[in-house]
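This is what each chain is made of:
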Amino acid sequence: MEIYLYIALFAPFVGSMFAATLGASKKTTIAGIIPSLLLFVSFVASSILLNHILSGGEVVHVEMMTWMQTGNLYIPFGFVVDQISVTMMMVVTLVSTIVHVYAIGYMDHDKAFNRFFAWLSAFVFSMMILVMSDNFAGLFIGWEGVGLCSWALIGFWYHKESATWAANEAFIMNRIADLGMLIGIFLVFWNTGTLQYAEAFAAMQFLDQETLTWMGIFLFIGAMGKSAQFPLHTWLADAMEGPTPVSALIHAATMVTAGVYLVVRSNELYSLIPHVGLFIASLGAFVAIFAASMALVNRDIKRVIAYSTLSQLGYMFAAAGLGAYWVALFHLMAHAFFKALLFLGAGNVMHAMNNELDPFKMGGLGKTMKTTMIMMTLASVALAGIFPLAGFFSKDLILEVAFVDHHFIIYTVLLFTAGLTAFYSFRIIALIFHGEDRHTSLGFHPHEAYKFMLVAISPLLILAIIAGFTMKGTFFEMVTQLLPATEYHVHSALTYWIMTIGTQLFVILAIFFAYKKYMASDIKVPDGTSKMENSFVYKLLINQYYIPYFYEEYLVKSYRELSTVFWKQIDQKIVDATVDGIAGVLYNTGENTRVMQSGNLSTMLRWVVIGLVTILSLAVAFGLTVRYLDEIQAILSGLGA
Amino acid sequence: MLDNILSILIFFPAVAGIFGFMIQKDSMRAYGVSVATIEFALSLWLWFSFDSDASGMQFMEQVPLIEAFGISYIVGIDGISLFIVVLAAFFTMIGIASLSDTKNVKNMIITLLMLQMTMVGVFVALDAILFYVFWELSLVPMLYIIGAWGGPLRIYASVKFFLYTFAGSLVMLVGMLFMAYFYYQATGVWSFAILDWHRLILPENFQLWLFLAFFIGFAVKVPMFPFHTWLPYAHGQAPTIGSVILAAILLKMGTYAFIRFSLPLFPDAATFFMFPIAILAIIMIVYTAMVAYAQEDIKQVVAYSSVSHMGVIILGIFALNVEGITGSIFLMIAHGVVSGALFLLVGVIYDRRHTKQMSEFGGLASVMPRYATIFGLMLMASVGMPLTINFVGEFLSLIGFYQQSHTLTLLAGMAIIVGAIYMLSAYKKMFFGEVTNEKNKNLPDLSKRELLALIPLSVITIWLGIYPKPVLDPINNSVESVVQLMHDKSITDEAKSRIPNLVKDIVITRTSKEAQ
Amino acid sequence: MEIGLNHYLVLSTILFAIGLIGVLKRKNLLLLFFATEILLNSVNVAFAAISHYHGDLTGQMFAFFVIAIAASEVAVGLGLLIVWHKRHSNIDLDQMSSMKG
Amino acid sequence: MLEPINISLESLNLITLFPMLVPVIGALLIILIDIIKGGLDKTLFVALSILFLFIDFNAVLSSASTFVTDGTVMGVFDMMLIDGLAILAQLIIVGASVFFLPLVISGKSFHESSTPEYFALFLFMIAGLQFMVATDSLILIFVGLETSSLAIYTLIAMHNRDKSFEAAVKYFSMGALAAGFYSFGSMVFYALTGSVEINQIASVLAANNYADIGFVLVGTAFMLAAFGFKVALVPFHTWAPDIYEGSSAAMAGFLSIVPKIALFVVIMRLFEFLIHSGVIWLEIVLYIIVVLTMTMSNMWALVQTDVKRMLAYSSISHAGFVMAAILIGTTQSNTALFLYWILFSATNLGAFGMLWMSRQKELLAGQSSDHSYEKFSGMIQTNPVAAMIMGLFMLSLAGLPPFALFWGKLYLISSAVTAGYTVLALVMALNSAIAGYYYIKLIVYMFMKEPLEQNDGTIIVGNSSLVVKSIIGFATIGTIFAIFAVSPLLEFITAFVYNSGY
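Chains as they are written, first to last, in my numbering: chain V, 1 to 641; chain G, 642 to 1157; chain H, 1158 to 1258; chain U, 1259 to 1760.
Pulled out of the complex, with its shape left as it was, chain V reads as follows:
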């Protein structure tokens, strides 16, 4: 099995290198095809491994070579394929293969085509390292690797100021979280003496609560960065500056879920510290509704979807925090499918509208882009969690978890969020595809995307539909070999049905409301006049709760100013000035006292005599003191007494 592991791991790397070698030369489709093929190979290998695991084969664990070894620290390049990682591998390889193929079409006209695929495959490689590593250090490698690739891909169109800015923002925000992660790793090492998952978790059983709590918190800080949890969430929306396939792959399906993966991976740690878990859950719930609320009014398709991703991540953390790790993982998988689908669909739309993102400038696209419309609609349905699509099985499960564990606040929040989710998803669906045509007047001539792109993304569609009811059973069987196998069943069947149906009705209601509101032929394009737009809530939401503004104004600016102060004021005016000052004092003393060398003979003679007289007087004084020492002492003692 090792060989498949290596294939799965390194195929994307080879692809990336191949594309990279062509990076300098001009666009060749081959640079897209080869990596896609290699990714497919990787996908096949992963599936074989999955099969191996499903058929009860033992966990595949290889140690490739030593990375660092000094003192008590020993870090190998070790990789493990167990139930958790194989799930992630499947998700990653599948989605990325699809996205690659899709991107061949999508990036068709971009002259940096080759570079794009180099980075995209590199990202997959890092993601594979992240999920397959058998120790925290390896995880961190992947962790930083995906960060790097996402930086390069967000800023892919580097001539756009906004893109590069967003790229740096993403990188730096992630760095902030990575510090927390690093500290978490240090804690693990100094308390368990190893970074290997197995030994580390085994050793954790015997550690005291406080240490474990700190570990949990710091590791989770790392997770917060990658998964863009509040307050480190702003970068995700800005990351939409990147090409849409990137958004689909990195900022929806895979990278942003790394945080969830980390928590799930460390379930043994977190199940030891339920209070931290509860915090995670609450934060998750908060983020869920917080992000959803921002999605309600936003006028940028991709940002809406990004916010919805954010809110779904909130769901996952809620589940993970409550100890339902397998649920979280399941939702992660399902979400990967339909969210990627949603993004790629949006990509089609953008393509059709030459990168126009404002849904209010679209409308009635359904006529020209039927396939895309169907795909996106179904994806949204799945997202909204309508039976029998994937979302229902994963998302409503989370609601149940919250309910069963008697965290009713979390439950209500999540429930309400479910409504919002449905609303904003179908808001854009309605605005894009239905209602009257608003784009031809603006001179857009939309057209459906290439066939092969549509074909490429169809697997996602299928999965979005069937993933729920087909896979749930087997998935549960598989992962619960590693994860706590807590079944979540509402005790009385009655409450269960009430809950389920209630949720469904509520969601469907929200969908209808959305359609009604935004399919109307006479919806007015927001132009800052309507009463609703001037309402405080709307302003709050459209400005993302003024958080980006706050960051820019109070953190970034002050950092910049402080740096300038440090440089101009402290470093130059104080530290350096002191040094030069000392030198200056010496020099000036020389300059000022050289006048005693007036060159006039009498002065010179005078100096000699002055010297003599000084010494003489000193001598006399000293002699006198010696002679009358006793008297002086007597006097002094008299003074003293």
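No wet-lab data here; the hints were simulated from the structure. The structure presented is a predicted model; accordingly, all values stated were derived computationally and were not measured. Among the hints, a few may not be true.
To be verified - The calculated lysine-lysine pairs, modelled on BS3-like cross-linking and capped at a C-alpha distance of 25 Å, are: (1) Lys1069(G) - Lys568(V); (2) Lys111(V) - Lys451(V); (3) Lys370(V) - Lys516(V); (4) Lys1421(U) - Lys1243(H); (5) Lys516(V) - Lys367(V); (6) Lys26(V) - Lys1089(G); (7) Lys26(V) - Lys1069(G); (8) Lys1257(H) - Lys1184(H); (9) Lys1243(H) - Lys1619(U); (10) Lys539(V) - Lys568(V); (11) Lys1707(U) - Lys744(G); (12) Lys1082(G) - Lys111(V); (13) Lys472(V) - Lys367(V); (14) Lys1257(H) - Lys1619(U); (15) Lys1080(G) - Lys1069(G); (16) Lys1699(U) - Lys744(G); (17) Lys1619(U) - Lys747(G); (18) Lys1421(U) - Lys1182(H); (19) Lys1707(U) - Lys747(G); (20) Lys1070(G) - Lys160(V); (21) Lys1707(U) - Lys666(G); (22) Lys1082(G) - Lys26(V); (23) Lys1184(H) - Lys1421(U); (24) Lys111(V) - Lys1080(G); (25) Lys1300(U) - Lys1619(U); (26) Lys160(V) - Lys1069(G); (27) Lys1069(G) - Lys111(V); (28) Lys111(V) - Lys1070(G).
To be verified - Only some residues are given here: those of chain U computed to face chain H with a beta carbon under 10 Å: (29) Phe1400; (30) Phe1423; (31) Lys1428; (32) Gly1438; (33) Met1445; (34) Val1446; (35) Tyr1448; (36) Glu1455; (37) Thr1563; (38) Ala1753.
No residue lacks a Cβ here, since even glycine has one placed at the ideal position from N, Cα and C.
Given chain V, work out where chains G, H and U should sit, using these hints.
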């Protein structure tokens, strides 16, 4: 031949430099390159014939110079110094190879060869005075390089560099004389041999004072905040080759000296001053990183970033455990490679446009893709991306210090944030965006000669990032012996508890203590 | 009253002081030399007295040497003075300050 | 009535006089030759003087061997005292003179070298200095001192320029004053002890354990003033810069080395017994003076615009260094003093030799002094070798290892450390750092600036000749390879100093 290879390594460049006067001007560059290459080959041979498993000194040579006063010519090498020597040889080679056309190149190359002698000498000297000789001597060529080939402020910069370091090291000299005197009192013979000194156990208050005396000398060289202000001038004014050597090798002398002198000689003082120095190091890391962010001159950014990274090295050294010290030594090499490469890269653009102001550039990524790629690689290495050479060092240094203090490590860890901030924004200013400046429209991409220097560096950056073992192992062995020595020598309980005891068997510890 | 050693010493000290003041005050090179002569000779007085007081000849020997040296100094000094006067036709101290700082 | 005193000749031990007599005879011979046949070339006289100095040197060496066998030798009614210090000092004096004298055979010919008297006086001066160090009788010291001084006044004046005469006059008048101080000081000691021989003074003072310390101090004060003037300690240093500037570079270099070592020996003889017998006052005052001398002269050197004047101040500061050795007063420090001075003479010989080589008859346009910094700017382009050699001497003076002076500094500071003068050691160290600046300044001019347009490189070596070059070459070699000479020197000196009880 092998038994005196170190002396050959030291004096071969010097002799070659003297012959250099006879070489005809046009063939000088070729001569320099070949000499440096031979030297590098020799250093590689040294590495090859170096016994990685031995922790002690190897290839020792000893010739008494002044018996009456205990000064002798002692050289030797262990895992700690080996790689810095190789690095020095390497950088002199590629430095000369990639030397862009300068006025009277002959003097430049001769000076570089002389500088190489002093650099190698510092790292292999095992006699305090010999060490001091090379330490001071290394100032002169650098003074000349900065002062003769530098920018408009070159004379101010060079003199400042010289005097600042000179003053610091004179205090250190007094410290050395004290040390020798204590040794004389203890044993009745004068000796400046470091290995002899290692056996000397001093009372704590002596340790504290001597530590401070040495500290001033080293801190100026490193340079540690607040003694760092000569560095921006030196780098800002120096020609590319000067900055490269300065950042890659000369700065390492200070940190190396900390490990060679301060730690084994004064373990208790080292423990005593651990936290103050750690705080200085953190100031270096964060404060200079912010200053770097404020710079408008790309070279200044790199210069300040060096200070910031040296902070991490210092932190690792004063972790006082194997992980930290090994990490810091590795980081010395890593930082040497990366910052050297960065200065070379800055030099590349400077040769093309004769300005280093970032505002002059922008959008270079589309004009000079190769340049942008290598720069990006080095940038990522410099911000400590895993699988690049820097990460190994930083990770180990920080993880090492974490054992001593959690909070301080948290603060020091901000290095990875602030580092990313200034580096990325600098990269953004230079390479991203539209090409606004007409002069940048058609700049030539990296030339063969430049690639010749940069490709190897890139390879090393990745290779040692993925597979640091061949370098880490020898370092680790030597560091372990140093740490054990410190533990055995230390007299205060504080130090005993802070410095790990590697020999778990208590009996062995006691005997080894008696041995000293 | 009986004149004792101390009187001689006091006298010599006074002479010395006079010489010293002369050295400080004189702007004329020649007079400066005179002052130094006074300086030296004041010491001779003291030497003679002390040697008598101690009753050995060393002091007087010293005195003779001092006289001899003083004489030769005058010779050299006057030589220099004459050359200087030839060149500058003045012997004013304040005139000779071409070197300073 | 006195009965005739009869003393056996061998008890007089006249051999002790031989070393001093050699130069005297030489001087007389030179004058005689000139009388017999005038207008002979300077080279003849140079050669003759050198030969006599060689004989002198060997004489000293033989007395050194006698010292090794049977210790300190007294002679001539115990006037002469041939101990280790005397021998070391004489070796330095004569040895250094051997190298300084031939500098007059330079490319351009100057007034002094054309007159035979110059060489006669030179030899007389040597004799005087030798007398000074080879006795502990205040009288003979006085005689030697004045003999040499009078000779020096004349030698300076013989350079025959306005500045030289001014220098001579200044030096002369101040010297006269110093002579007054000296005699007064010795008078006081004589009054106190009834003797003018230092060891007797010491024993008498010790016998009545410094009853009237006040007068002792007065005497010491006068002595200090007198010697302070001769070795140019602040504030008695004022003559030094002007004299150096006024006299020719060769003579200036000579002045910075030879007379001073003689004085140091005398100071050692007189002061160390005072310090050791617990005259704290002297210790304090010396401490202050030493620190002042080192620091202030450094600061003044910083602001000089003329290299020769800068070197004058630097020599003052070096003298301060060496005085520190006397203040410390241990065997190690006294050894350090001689070591330091030997290495210092090697370096200073070179430095002033270079200045002498660059001497031109009339000032460059826009230059106020002979050896301004500008004159040397861009030397690396015009005459690289000369530039490097000069730079070498500067670095050595700055105490940069491994060049000559560093080892002296090292041993001197170490002696301070060993004797517990920590602060003093630090002051010395930091002063070397300050001094670094003005030595580097010259290097900056030579290596980093563009040459003056009127300077085509011939000026720098305008006054060079084979002799001058070879002497400088010798100094260069000595400066670079000093390290190999230090070890034997150290043993030699230590033996001599230790055996003569210092």
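Status of the hints after comparison with the structure:
For the proposed pair Lys1069(G) and Lys568(V), the alpha carbon gap of about 23 Å is at most 25 Å, so the pair holds. Of the supplied pair hints, the one linking Lys111(V) and Lys451(V) holds, its CA atoms being roughly 22 Å apart against a limit of 25 Å. Distance hint between Lys370(V) and Lys516(V) is fulfilled; the C-alpha atoms sit about 20 Å from each other, no more than 25 Å. Restraint check for Lys1421(U) and Lys1243(H): satisfied, since their Cα atoms lie roughly 14 Å apart, inside the 25 Å limit.
With a CA separation close to 19 Å, the supplied pair Lys516(V) and Lys367(V) stays within the 25 Å bound. The suggested pairing of Lys26(V) with Lys1089(G) holds, with an alpha-carbon distance near 22 Å, which does not exceed 25 Å. With a C-alpha separation of about 24 Å, the suggested pair Lys26(V) and Lys1069(G) falls inside the 25 Å cut-off, and the hint holds. A distance of roughly 18 Å separates the Cα atoms of Lys1257(H) and Lys1184(H); the hinted pair therefore holds under the 25 Å criterion.
Distance hint between Lys1243(H) and Lys1619(U) is fulfilled; the C-alpha atoms sit about 22 Å from each other, no more than 25 Å. At most 25 Å may separate the alpha-carbon atoms for a hinted pair to count; Lys539(V) and Lys568(V) exceed this at roughly 39 Å. Taking the CA atoms of Lys1707(U) and Lys744(G), the gap is about 14 Å. The hint holds against a cut of 25 Å. For the given pair, Lys1082(G) sits about 18 Å from Lys111(V) by alpha-carbon distance, which is consistent with the 25 Å threshold.
Distance restraint check for Lys472(V) and Lys367(V): the Cα-Cα separation of roughly 36 Å exceeds the 25 Å cut-off, and the hinted pair is therefore not satisfied. The hinted pair formed by Lys1257(H) and Lys1619(U) meets the criterion: a straight-line CA distance of about 21 Å does not exceed 25 Å. For the hint pairing Lys1080(G) with Lys1069(G), the CA-to-CA distance comes to about 18 Å; that is within 25 Å, so the pair holds. This hinted pair checks out: Lys1699(U) and Lys744(G) have alpha carbons roughly 22 Å apart, not beyond 25 Å.
About 35 Å separates the Cα atoms of Lys1619(U) and Lys747(G), which puts this hinted pair outside 25 Å; it is violated. Pair hint Lys1421(U) plus Lys1182(H) holds up; C-alpha atoms about 24 Å apart against a cutoff of 25 Å. Using a Cα cut-off of 25 Å, the hinted pair Lys1707(U) and Lys747(G) holds, with the two alpha carbons roughly 18 Å apart. At most 25 Å may separate the alpha-carbon atoms for a hinted pair to count; Lys1070(G) and Lys160(V) meet this at roughly 12 Å.
Pair hint Lys1707(U) plus Lys666(G) holds up; C-alpha atoms about 21 Å apart against a cutoff of 25 Å. Proposed proximity of Lys1082(G) and Lys26(V) is supported: the alpha carbons are some 19 Å apart, at most 25 Å. Restraint check: the Cα-Cα separation between Lys1184(H) and Lys1421(U) comes to about 19 Å, which is no more than 25 Å; the hinted pair holds. Restraint check for Lys111(V) and Lys1080(G): the C-alpha separation of about 24 Å stays at or below 25 Å, so the hint holds.
Straight-line distance between C-alpha atoms of Lys1300(U) and Lys1619(U) comes to about 19 Å, which keeps the hinted pair within the 25 Å bound. A distance of roughly 11 Å separates the Cα atoms of Lys160(V) and Lys1069(G); the hinted pair therefore holds under the 25 Å criterion. Between Lys1069(G) and Lys111(V) the CA atoms are separated by roughly 21 Å; this keeps the pair inside 25 Å, and the hint holds. For the hint pairing Lys111(V) with Lys1070(G), the CA-to-CA distance comes to about 22 Å; that is within 25 Å, so the pair holds.
The interface hint given for Phe1400(U) holds, since its Cβ lies 6 Å from the closest Cβ of chain H, which is under the 10 Å cut-off. With 10 Å as the threshold, the beta carbon of Phe1423(U) comes within range of chain H, its nearest partner Cβ sitting at about 6 Å, so the hint holds. With 10 Å as the threshold, the beta carbon of Lys1428(U) comes within range of chain H, its nearest partner Cβ sitting at about 7 Å, so the hint holds. For Gly1438(U), the shortest C-beta to C-beta distance to chain H is roughly 4 Å, which falls under 10 Å, so the interface hint holds.
A cut of 10 Å between beta carbons decides the hint on Met1445(U): the least distance to chain H is about 5 Å, and the hint holds. Interface restraint check for Val1446(U): the shortest CB-CB distance to chain H comes to about 9 Å, inside 10 Å, so the restraint holds. Against a cut-off of 10 Å between C-beta atoms, the interface hint on Tyr1448(U) holds, since the closest Cβ of chain H lies about 6 Å away. The restraint placing Glu1455(U) at the interface with chain H holds, with a minimum CB-CB distance near 9 Å, inside the 10 Å limit.
Here the hint on Thr1563(U) is kept, as its CB sits about 8 Å from the closest CB of chain H, short of 10 Å. About 34 Å separates the beta-carbon of Ala1753(U) from the nearest beta-carbon of chain H, more than 10 Å, and the hint is not met.
Checked against the numbered hints given earlier, this structure breaks hints 10, 13, 17 and 38; the rest are met.
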